[in-house]
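Trainee: Residue strings, one per chain:
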Amino acid sequence: MEIAVSRVGDMEEIAVVKVSGVVDSETVELFGETVEGVFKEDCYNIILDIDGLSYINTAGLSIIADAYKKSSQNKGELKILRAGDAIRELLDVVRFTKIIDIYEDEGEAIGSFR
Amino acid sequence: MSAEMIERADKDARGSPQEAVSSGDLYRIGRLLASTLSLTTRLDRVVEQAIELLEADRGSIMLLDDDARELVVKASRGLDSSREFRVPIGEGIAGWVAEHEEPLVLQDVVSDRRFTGTDPSVKSALAVPLRVDGKVIGVLNVSSENRKRRFDHLDLEHLSSFADMAAVAIENARLYQALRKDQEHLNKELRMASRIQRSITSTHVPCASVRMVSRLMPASAVGGDFFSIIPLDRDSQFCFYCSSEVQDRCQNLRTQFCPNKFGLMIGDVANKGMPAALIMSVLTTILYEVGRHHISPRTILNEANAAFRRFFNESQYGFATLFYAFYDNNDNTLTYTKAGHEPPLLLRGKSGEFEYLEGEGFPVGLMEDGGYQEKTIRLEREDRILLYTDGLTGALNVKGEILGRKRLVELVKSLVGEDIEAFLDALADEIMLFSGDAPQPDDIAVMVLELEDLYDLTMTVGTDVRQIRYVINSVLDTLQGFEGLKDPITLRLCLEELLHNAMEHGNRCDLSKKVYITVKAEPRRATIRVRDEGEGFDFMRLMGSAGEDTDVLSERGRGLLIVRNYADELSFNREGNEATLVFTADV
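Protein chains in written order, with the working numbering: chain R, 1 to 114; chain F, 115 to 701.
Simulated from the structure, these hints should not be mistaken for lab results. Worth double-checking, as some hints may not be accurate.
[Unchecked claim] To give a feel for the contact side, a few chain F residues facing chain R, derived at Cβ under 8 angstroms:
no. : residue
1   : I400
2   : I582
3   : I603
4   : R606
5   : E610
6   : E669
7   : I676
8   : N679
[To be verified] With a straight-line cut-off of 25 angstroms between C-alpha atoms, the simulated SDA-like cross-links for lysine to any residue are:
no. : chain 1 : residue 1 : chain 2 : residue 2
9   : R       : K69       : F       : V666
10  : F       : K628      : R       : E26
11  : R       : K98       : F       : E669
12  : R       : K18       : F       : P602
13  : R       : K69       : F       : G671
[As the list claims (entries may be wrong)] Computed Cβ-Cβ distance ranges for the label pairs, DEER-style:
no. : chain 1 : residue 1 : chain 2 : residue 2 : range
14  : R       : G84       : F       : E566      : 33 to 41 angstroms
15  : F       : R622      : R       : K98       : 30 to 38 angstroms
16  : R       : E26       : F       : R622      : 16 to 24 angstroms
17  : R       : K98       : F       : Y630      : 32 to 40 angstroms
18  : R       : G21       : F       : S313      : 55 to 63 angstroms
19  : R       : E26       : F       : T490      : 18 to 26 angstroms
20  : F       : E566      : R       : E41       : 49 to 57 angstroms
21  : F       : R622      : R       : D101      : 33 to 41 angstroms
22  : F       : F468      : R       : G21       : 36 to 44 angstroms
23  : R       : E26       : F       : E566      : 44 to 52 angstroms
24  : R       : D101      : F       : S313      : 52 to 60 angstroms
25  : R       : G84       : F       : A536      : 38 to 46 angstroms
26  : F       : F468      : R       : G52       : 57 to 65 angstroms
All values derive from a computational prediction rather than experimental measurement. A virtual CB, placed ideally from N, CA and C, is assigned to each residue, including glycine.
All chains, full assembly: derive it from the sequences and hints.
Mentor: Structure below.
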């Protein structure tokens, strides 16, 4: 798994968490910590860029769910950017797609926060 | 009256062929008639030959319709064949002949008061009775239109000789036709009975760990040998799933039968053919009914024995030998009772040793107290049981020798390395080879059961989440190329879910406990089992019911949602410490 956080937006009010590779039992902890680190900086607008994500386990899905919940509770939002077919199907299975918006274009995702 | 006629014919001018009918003629005609067994063809030929023999212009054959007391034209030449011609006995020339059982020659037909026809062209006529065993079966008629061809006494004799032969030929064809009709009817019924009998037999084994192949080789279309797998009802007293508070488990398996236990039986009714088949139907019905409710094999045989004696209290219906067992998937035990049946052969997969499953007990129906005993054996993986009826050991070769148990054991030993399907095929081939052209005296039923052989992957790991990736990669390697996995993500998700459950909830993170993983890869089916050393926990309750109303963001139910969505089957063992995942390839 590779994970990186960057800031975008006029006032850098949006955090882009770019995660790729495999989120499994060995990497899920780091994934959780990274997301938690964004919240610690009082940032609750998150774009989760999963373009290169090939696998995510249920613990990883729980982190996404918790992050969505937490950002909503703090007047922010969590959006997903670019999900591959298999991951997209998985997000459908666990019904995340019902509540979390998925964007194909980064600009569009950024724009959605306004 | 007729004597007068003949007398008159004798004195009058002779117009008949001067040569008498030779024995050569009759021989030739006899050969011609014998060349077909078809009644209609024989009737036609009789008329044709009669016309030729007597140089007549017309001819007809009428057969007696016993019910209606009428003569019916069955074949004719020179007559209007479009209408059916019937004559009551006693009416007309033919009716007169049939009634008086005497031949008749008329030189001038129209002038005879017995002539009831309207065709003035008929001049002279001969009518002779067709007799079989002194009984009239019909009348053979010929007539001429030519005034110069007048039949006489000699013609009458010729036709009478011919008629005697023709009558036998016709009667034989009639008997043959009736026989064939009966035979066809019987065959049709037998085919139907055979289908019904086959439908009684069930070969579906409800436990995934047991494979079964079988064959029934009846000596006739139907027979008294039988075997079947008997699904047992779900019962909370015996079934862990059914007694569990979460009924969801059973519903998830989508079957009304117990998935962990089943009955099996093989038997032989002491009789052959249809009577045996009928008794077999009754007996299997009894066994199905008393067997479904999870009582013991011994109790089942006691009840079947009593019921059999109630139904067939006359000794002529004999008895039936039977082997009846319960297989329990939870501890791989076979509990059986034997009622005078050939002892099944147990082949130990690991050691290669074999033993007979012996047991005391009289055939069902023979004694008021069958003296049945119950025995339990534990089976190991790759163990094989050969169940059979005595038609197998009693198979005869052309020298009149029987196959016997010793030869059977040798055969079985030589085939032990084969897969059970190939094993049974080869066994059946060997029996046929042994028997050759010798007709087999008895039905043969064979059933082979096997506890699933070794897995393609067996892993044991400690309770450590860091092992999960290693396990998953090993499983994926094992299943490389398996068509059922469109995307490894599916298997990975399911497997990871189960491994986490086993470690966290099963072994309760106890580092001293282990997790066992087995994988069986078949061409279109991959079976993955995950077992822990915990005391067992309720997967379904833990994973929650994942209904539409469940909170999307709640962790509860997500794992089950994923596994249910991606795996083709998910089941758990009785203890609750083993989960089985099945992936199948789309056909």
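Trainee: Now tell me if each hint is right for this structure.
Mentor: Hint check results:
{"no.": "1", "hint": "I400", "in the structure": "49 angstroms, violated"}
{"no.": "2", "hint": "I582", "in the structure": "4 angstroms, holds"}
{"no.": "3", "hint": "I603", "in the structure": "5 angstroms, holds"}
{"no.": "4", "hint": "R606", "in the structure": "6 angstroms, holds"}
{"no.": "5", "hint": "E610", "in the structure": "5 angstroms, holds"}
{"no.": "6", "hint": "E669", "in the structure": "5 angstroms, holds"}
{"no.": "7", "hint": "I676", "in the structure": "6 angstroms, holds"}
{"no.": "8", "hint": "N679", "in the structure": "5 angstroms, holds"}
{"no.": "9", "hint": "K69(R) to V666(F)", "in the structure": "11 angstroms, holds"}
{"no.": "10", "hint": "K628(F) to E26(R)", "in the structure": "19 angstroms, holds"}
{"no.": "11", "hint": "K98(R) to E669(F)", "in the structure": "16 angstroms, holds"}
{"no.": "12", "hint": "K18(R) to P602(F)", "in the structure": "23 angstroms, holds"}
{"no.": "13", "hint": "K69(R) to G671(F)", "in the structure": "17 angstroms, holds"}
{"no.": "14", "hint": "G84(R) to E566(F): 33 to 41 angstroms", "in the structure": "37 angstroms, holds"}
{"no.": "15", "hint": "R622(F) to K98(R): 30 to 38 angstroms", "in the structure": "34 angstroms, holds"}
{"no.": "16", "hint": "E26(R) to R622(F): 16 to 24 angstroms", "in the structure": "21 angstroms, holds"}
{"no.": "17", "hint": "K98(R) to Y630(F): 32 to 40 angstroms", "in the structure": "38 angstroms, holds"}
{"no.": "18", "hint": "G21(R) to S313(F): 55 to 63 angstroms", "in the structure": "57 angstroms, holds"}
{"no.": "19", "hint": "E26(R) to T490(F): 18 to 26 angstroms", "in the structure": "46 angstroms, violated"}
{"no.": "20", "hint": "E566(F) to E41(R): 49 to 57 angstroms", "in the structure": "56 angstroms, holds"}
{"no.": "21", "hint": "R622(F) to D101(R): 33 to 41 angstroms", "in the structure": "39 angstroms, holds"}
{"no.": "22", "hint": "F468(F) to G21(R): 36 to 44 angstroms", "in the structure": "55 angstroms, violated"}
{"no.": "23", "hint": "E26(R) to E566(F): 44 to 52 angstroms", "in the structure": "33 angstroms, violated"}
{"no.": "24", "hint": "D101(R) to S313(F): 52 to 60 angstroms", "in the structure": "57 angstroms, holds"}
{"no.": "25", "hint": "G84(R) to A536(F): 38 to 46 angstroms", "in the structure": "44 angstroms, holds"}
{"no.": "26", "hint": "F468(F) to G52(R): 57 to 65 angstroms", "in the structure": "59 angstroms, holds"}
Comparing the model with each earlier hint shows violations of hints 1, 19, 22, 23; every other hint is respected.
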